[in-house]
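Protein chains: 2
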Amino acid sequence: MAANVPEPSRLLSVQSHVVSGYVGNRSATFPLQLLGWDVDVINTVQFSNHTGYGRWKGLRFDDSHISSLFQGLEENGLLKQSRMLSGYMPSPSVVQAVLEAVERIREVNPELIYLCDPVMGDMGRGMYVDKEVLPVYRSMLRYTTIITPNQFEAQILADEEITSIPSLLSVLQSLHTQGANHVLITSVSLSDTDILKIGATPSSEPSMVLVGSSRPSTDTPLKPWFIQFPEVRGYFSGVGDLFAAMTLGRFQNLTAQDVEAETSVTPIARAAELAVAVVQAVLAKTQKSMDALEQEVTEGSSGDDAQARVDRMRGRELKIIQSKREIENPEVAYQAKFFKETSG
Amino acid sequence: MAANVPEPSRLLSVQSHVVSGYVGNRSATFPLQLLGWDVDVINTVQFSNHTGYGRWKGLRFDDSHISSLFQGLEENGLLKQSRMLSGYMPSPSVVQAVLEAVERIREVNPELIYLCDPVMGDMGRGMYVDKEVLPVYRSMLRYTTIITPNQFEAQILADEEITSIPSLLSVLQSLHTQGANHVLITSVSLSDTDILKIGATPSSEPSMVLVGSSRPSTDTPLKPWFIQFPEVRGYFSGVGDLFAAMTLGRFQNLTAQDVEAETSVTPIARAAELAVAVVQAVLAKTQKSMDALEQEVTEGSSGDDAQARVDRMRGRELKIIQSKREIENPEVAYQAKFFKETSG
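Residue numbers (the UniProt record's numbering), protein chains in the order written: chain A, 1 to 344; chain B, 1 to 344.
Isolated chain A (complex conformation) (with noise of 0.2 Å):
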């Protein structure tokens, strides 16, 4: 076994893992291996539950326990993943210790798939990491393949609000010019008017727009797309997540039928197509056994209000396992399209 040779089906997954329920490396990690990825799995916390619950227990690691685990399989030659993805790291140190880590699999291979999903806020709640993450998410950007950054994220890593078309293909350069090769902004909101501008269709029942696109190779202009997508109303967690593993699972790792098939604007568009048709089908199964379990709670209400906290986010919990054939075979049914205008 030559000691440098990546190992072209295994993926380094760096995220957090909680004992019940899925998000981080939960949510990731059984979807990657349905897909024939040998996932390496690195957790980042190890909790009872998500902490959306109210209540939880475990440790969040330090950068110390982190490092060591890179560096017993750099010492045993171990760190010859294709791909990596990261999600939720508890501290900048783990982030530090996780970049330091990207730019040693980068140098034993320069093709690293890298997918970056800088968990750091969104729009609702702003900020919620330590503020000194984002330097270190900045100066991750130049090993990034892939960056997912919700709206939010995209605004505090370009420091630039989205508020017109122009401003959001601002955001997506300086994304670029930082280094990411691919952004997928998860969620952009959008004035009715640019919605019409960009080529999608104003609605009254909320939608997202999943805004992407991928670096020109010379001075040529951006040429973005987008997904629109109807909202799943409901508040679940895990969901960036398993987005985020679905896109760098699918990367240019299309089935025959997808390459004969003309399919997509670009392979980027291509495998964000299929993970928003996985998170679309783990979402729908989600909703409806949440809906027949919140008749119940509703029932058997006891009237003690954390433990009604608890017992919604239980049913709100992804329908992961339960959705193993649509993972493997999903169907799309949402677009990318490129945008129709790109002025403001």
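FYI, nobody ran anything at the bench for these hints, they're computed from the structure. It cannot be assumed that every hint is accurate.
[Claimed, not checked] Pairs of lysine-lysine residues, derived as BS3-like cross-links and limited to a Cα-Cα distance of at most 27 Å, are as follows:
{"no.": "1", "chain 1": "A", "residue 1": "K197", "chain 2": "A", "residue 2": "K337"}
{"no.": "2", "chain 1": "B", "residue 1": "K319", "chain 2": "A", "residue 2": "K319"}
{"no.": "3", "chain 1": "A", "residue 1": "K288", "chain 2": "A", "residue 2": "K324"}
{"no.": "4", "chain 1": "A", "residue 1": "K319", "chain 2": "B", "residue 2": "K324"}
{"no.": "5", "chain 1": "B", "residue 1": "K337", "chain 2": "B", "residue 2": "K197"}
{"no.": "6", "chain 1": "B", "residue 1": "K337", "chain 2": "A", "residue 2": "K324"}
Here the structure is a predicted model, which means the values were calculated and not measured.
Position chain B against the provided structure of chain A, taking the given hints into account.
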């Protein structure tokens, strides 16, 4: 959601975690998830790779971390698993913490099916964990539905050597008397005479005899059974973990096809037949890839003994991910048979 109703498809697995490779929870979780189990996963260690590599990094978790995870689950009403599996635990105090958790889960669910794999040692190496775990595992027996010791572990739990059919029966009986409903001794070494007496076939090729029995309901004698199957040459890690997981995952959880067919001598024997079939399929796939790899290792030999050991271990990692179909649909080639004679 009634707080005390166990969830029929939920299974808790308490074992080790390695970042890369397939032992402990890494060997058990994906196969159980493929069978549809919502697996709650408590990791007792986080190592870069298994210790057989000679070099590894990481942490063994202490009983306070493991107990806090159980506490977090309990506070949220999440200790409602219908099944539980335990494997390697890094210290007697962790085994004690798990014992206390099993007691609490049994209070919620007296029907809990708990498989205890009492990882302590083997015939080749003797005891390889702190000997203080032995009394704790003995206390665990009264909560145990299924126990899967190897010959060494069965002998020390029963405090009797297996040298004949009567001593084998005496060991089985001792484990039942101490509390285990079903005993599976995963490998028993018998003389050719005894092999013939139980109804197995002496062979010049190395073969394994797995022996099982269920606690008789009254004073009726034990009806032990065996499965004889060829030994796959070479040393593999995580095989026992895979066997235990598949036995628990399939027990009383058979397909409609199984129920229609006149299957096996007892339900636990049927589960063991299916588990053996999975293990044999995974080992066959592993050995095929290993043979190819060892060829390469020999050719590219660097003269570094430590690295050669690592390369050998790497090649012997179970091909679990690649055996998805065989795990879902195992073909039983080796069937359980009742002992022909139970007298010495």
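Quiz item: Between A:K197 and A:K337, is the straight-line Cα distance small enough, at 27 Å or below?
Solution: holds (12 Å)
Exercise. Mind checking the alpha carbons of A:K319 and B:K324 for me, to see if they're no more than 27 Å apart?
Key: The hint holds at about 20 Å.
Practice problem: Would you check the hint for B:K337 and A:K324, treating anything up to 27 Å between C-alpha atoms as holding? | Solution: violated (35 Å)
Quiz item: Keeping to a limit of 27 Å between CA atoms, is the pair of A:K288 and A:K324 held or broken?
Solution: Between A:K288 and A:K324 the Cα gap is close to 16 Å, so the pair holds against 27 Å.
Quiz item: Has the given pair, B:K337 with B:K197, been kept, meaning a C-alpha gap of at most 27 Å?
Solution: Given pair B:K337, B:K197 holds - Cα atoms ~12 Å apart, limit 27 Å.
Quiz item: Taken at face value, is the distance from the CA of A:K319 to the CA of B:K319 at most 27 Å?
Solution: holds (26 Å)
In summary, the structure is inconsistent with hint 6 from the numbered list given earlier, while agreeing with all the others.
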